[in-house]
Amino acid sequence: GDSVTQMEGPVTLSEEAFLTINCTYTATGYPSLFWYVQYPGEGLQLLLKATKADDKGSNKGFEATYRKETTSFHLEKGSVQVSDSAVYFCALSPLTGGFKTIFGAGTRLFVKA
Amino acid sequence: NAGVTQTPKFRVLKTGQSMTLLCAQDMNHEYMYWYRQDPGMGLRLIHYSVGEGTTAKGEVPDGYNVSRLKKQNFLLGLESAAPSQTSVYFCASSYLSPGVAYNEQFFGPGTRLTVL
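Protein sequences appear in the order of chains A and B. Numbering follows our numbering, in which position 84 of the first sequence is assigned residue number 70; successive positions increment by one, without gaps. Numbering follows our numbering, in which position 115 of the second sequence is assigned residue number 743; successive positions increment by one, without gaps.
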């Protein structure tokens, strides 16, 4: 079945460091891919998305590129801030049954001042 | 717009007690979902609904029941709570527009449930 695997955390970085959170997926066809972010005490919110191969999603300085050949959707940010401390979830929405979303386990990010 | 709201925010139950979690959305979304979030396991789908009056089982439905009597509300019930149901519960909603290939979900703030 469809699945999402993302790197285990926590990830601890200093402010202004470069961030990469790895995400790979298993799915039939071309699913839509997402990164959601969960700030402390809140629900998840969509950070960025990509709906077809080679698409790049971006938002708030974060980027991720849909790589069909490596079935990956790694999240990157060039310079993290303390306010980026949160849990990040990679997710996919299958091509069929598109109203369902499959989430990875989440990666917690701590950014130190 | 309030978006997706959940009540209560926190609850402590004893084993065997029952309770209902309420989710409400004011975005006129067709689809609604209940997830549980446990450490190291991400979000797991409990039940979902594709429209008023319809419900379906997700990945981990055992021990839970749901109802969608009104489009804007989605209720999650625990008939006889067990310690294994200690978790954070999230409700979400979404819509699908013709020609749109993806499905963004909008989440509530969560309910933290402890079963002793």
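Because the hints were derived from the structure by calculation, they are not lab data. It is possible that some hints are incorrect.
With a straight-line Cα cutoff of 25 angstroms, these simulated DMTMM-like cross-link-like pairs (lysine to aspartate or glutamate) come out [what the hints assert, rightly or not]: (1) A/K54 - A/D(-12); (2) A/K54 - B/E680; (3) A/K86 - B/D666; (4) A/K86 - B/E680; (5) A/K63 - B/E732.
Here are some of the chain A residues that sit facing chain B, going by a computed Cβ distance under 7 angstroms [claimed, not checked]: (6) E2; (7) G29; (8) L30; (9) S79; (10) T87; (11) F89; (12) G90; (13) A91; (14) G92; (15) L95.
Some chain B residues flagged as far from chain A (calculated, every beta-carbon gap over 10 angstroms) [claimed, not checked]: (16) A630; (17) M669; (18) L673; (19) V688; (20) L703; (21) E732.
The C-beta atom is built at its ideal place from N, Cα and C for all residues, glycine as well.
Verification of the supplied hints:
1. A/K54 - A/D(-12): holds, 15 angstroms
2. A/K54 - B/E680: violated, 36 angstroms
3. A/K86 - B/D666: holds, 19 angstroms
4. A/K86 - B/E680: Roughly 17 angstroms separates the two Cα atoms, so the pair holds.
5. A/K63 - B/E732: holds, 22 angstroms
6. E2: violated, 29 angstroms
7. G29: Holds - the Cβ of A/G29 comes within 7 angstroms of chain B, reaching about 3 angstroms at its closest.
8. L30: Hint holds; A/L30 Cβ to chain B Cβ min 5 angstroms, cut 7 angstroms.
9. S79: Since the shortest Cβ distance to chain B is 5 angstroms, the answer is holds.
10. T87: At about 6 angstroms, which falls below the 7 angstroms cut-off, the nearest Cβ of chain B leaves the hint on A/T87 intact, so it holds.
11. F89: holds, 4 angstroms
12. G90: holds, 6 angstroms
13. A91: holds, 4 angstroms
14. G92: holds, 5 angstroms
15. L95: At about 15 angstroms, which exceeds the 7 angstroms cut-off, the nearest Cβ of chain B leaves the hint on A/L95 violated.
16. A630: Answer for B/A630: holds, closest chain A Cβ roughly 13 angstroms.
17. M669: violated, 6 angstroms
18. L673: violated, 7 angstroms
19. V688: holds, 13 angstroms
20. L703: Non-interface label on B/L703 holds, nearest chain A Cβ at 18 angstroms vs cutoff 10 angstroms.
21. E732: The claim breaks: B/E732 does not keep its Cβ more than 10 angstroms from every Cβ of chain A (closest is about 5 angstroms).
Consistency note: the structure conflicts with the earlier hints numbered 2, 6, 15, 17, 18 and 21.
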